[in-house]
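So the chains spell out like this:
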Amino acid sequence: MSGEVEASTEEQQEMQDTVVSPEKAEEVKLKARYPHLGTRPGGSDLLRKRLQKGQQKYFDSGDYNMAKAKMKNKQLPTAAAEKTEITGDHIPTPQDLPQRKQSLVASKLAV
Amino acid sequence: MMAGVGGGNDFQWCFSQVKGAIDEDVAEADIISTVEFNYSGELLATGDKGGRVVIFQREQESKNRLLSRGEYNVYSTFQSHEPEFDYLKSLEIEEKINKIRWLPQQNAAHFLLSANDKTIKLWKISERDKRAEGYNLKDEDGRLRDQFRITTLRVPVLMPMDLMVEASPRRIFANAHTYHINSISVNSDYETYLSADDLRINLWHLEITDRSFNIVDIKPANMEELTEVITAAECHPHQCNVFVYSSSKGTIRLCDMRAAALCDRHSKFFEEPEDPSSRSFFSEIISSISDVKFSHSGRYMMTRDYLSVKVWDLNMENRPVETYQVHEYLRSKLCSLYENDCIFDKFECCWNGSDSAIMTGSYNNFFRMFDRNTRRDITLEASRENSKPRAMLKPRKVCTGGKRKKDEISVDSLDFNKKILHTAWHPKENVIAVAATNNLYIFQDKIN
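Quick note, the sequences are listed as chains A and B, same order. Heads up, the first sequence is in the numbering used here, so the first residue is 2 and it goes up one at a time. Heads up, the second sequence is in the numbering used here, so the first residue is -5 and it goes up one at a time.
There may be inaccurate statements among the hints.
When the alpha-carbon atoms are kept at most 30 angstroms apart in a straight line, the in silico BS3-like pairs for lysine-lysine are as follows [to be verified]:
| no. | chain 1 | residue 1 | chain 2 | residue 2 |
| --- | --- | --- | --- | --- |
| 1 | B | Lys397 | A | Lys25 |
| 2 | B | Lys340 | A | Lys32 |
| 3 | B | Lys412 | A | Lys25 |
| 4 | A | Lys32 | B | Lys43 |
None of these hints come from the bench; they were simulated from the model.
Let's have the full structure, built from the sequences with the hints guiding it.
Following this line, the structure appears as structure tokens:
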């Protein structure tokens, strides 16, 4: 009987937390999906990612072919989709490279 | 012709013009990345991700058409920046124009600064409406005349020609930024300007391109210790020794260039105290300031973070004097906004000419205006559905609770791809320019 009362008090506390802070509720959701978020040491990953933002990966055919030779028949590892990873070892493949830029034309605002 | 007292709700905003293509498929290059009126409001410049600048000029008001103010038509367009490749670091440098800032007009030509991630350029836009005719040594089509045919001397005459507007790059300020430039700001001395990247701020002289002074450097000796970056910077509108810069931690530092050559130590530090019990994983991210703008008076400054706009009195550092919620209903959506990266969107904000109202953008092509005097606010939408000439804009409302009233839109129906990041307010009149992805909307208040 007392066990049930305790459980409902906990539930009530949780509900209160959700009511008090929608932000905290969202945090709980996020941590459930990405358990390793924020646990990595060594400066803010987010900030460093921001500083590197927009910097395109380059394609080095030497690296690529060496990696392919090493792996032999196995697939090359693809970039991690997780937000916590800033990969430095990932070897770009031709599929990863951004599309070539369109040729420069006049702005459609100037029509 | 002063901008009237009151702002958002005292005016009735009407559609005036929309520029840009209607396609569903928006080319990345066409996304507008900056919008800026010049000092008189006669010219309106836009920059886009494709590195192009388009300048619109306001038509002279015709006496016959009293019901509508002058329209903005294309005046000049040019390719400001091109994509580059940094061979040393194997990095691509985007041509996207991050900021455009006009210089005050000092002669017949117009000057503006445009910046991408790494390079700032000073552009001169000048008109040519006369052409010399009657040269002695060459024909009208430029071919050299046969010397033996020249028997008389004549004085070339200036003849009128169709107006030609030329844009030419007068200065290129390059190689001074290791990180991405987020701001440029012309100083009130009209001789210098500052440029800011994630970790450093440089001071330039408009005439000198081969060197700049570093005035702020927050790069830690060990990058592992990096805790914050510079997000925006601006020169004070009247005091040429003062500038401010904002950070990703929600703080603003005011610096005085008279105090030291390197302004790493601030003169004033603005930060709103945070309630530690409400801190969450998102707190720092949503407190990151995406834009900072001084009021025209120079007495206040405004900052934009993810969910709100704050007005600060420069004389009070410990908290803002006014806080306006832009889209508080997003607080309960932060998880998905983090996953789709929208939480990192950088919204700008702007003052009206008299500093009585402020404007900023939101999602679903909504933008918000706040009247500082009446404390009223309004939400409007930039949409082609409401684009008949002089059609009045209807206020929009987002419904957060369960029961959705007619004409309201629920939070879950908002289109987060339709972001209004860039808006501009005419310096003297109630005319606003709103960039909605690849379209530029111009709205005016109704003339009674």
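Status of each hint after checking the structure:
1. Restraint check for Lys397 of chain B and Lys25 of chain A: satisfied, since their Cα atoms lie roughly 25 angstroms apart, inside the 30 angstroms limit.
2. A distance of roughly 24 angstroms separates the Cα atoms of Lys340 of chain B and Lys32 of chain A; the hinted pair therefore holds under the 30 angstroms criterion.
3. For the suggested pair Lys412 of chain B and Lys25 of chain A, the alpha carbons sit about 27 angstroms apart, so the restraint of at most 30 angstroms is met.
4. Of the supplied pair hints, the one linking Lys32 of chain A and Lys43 of chain B is violated, its CA atoms being roughly 34 angstroms apart against a limit of 30 angstroms.
Of the hints listed earlier, the one the structure fails to meet is number 4.
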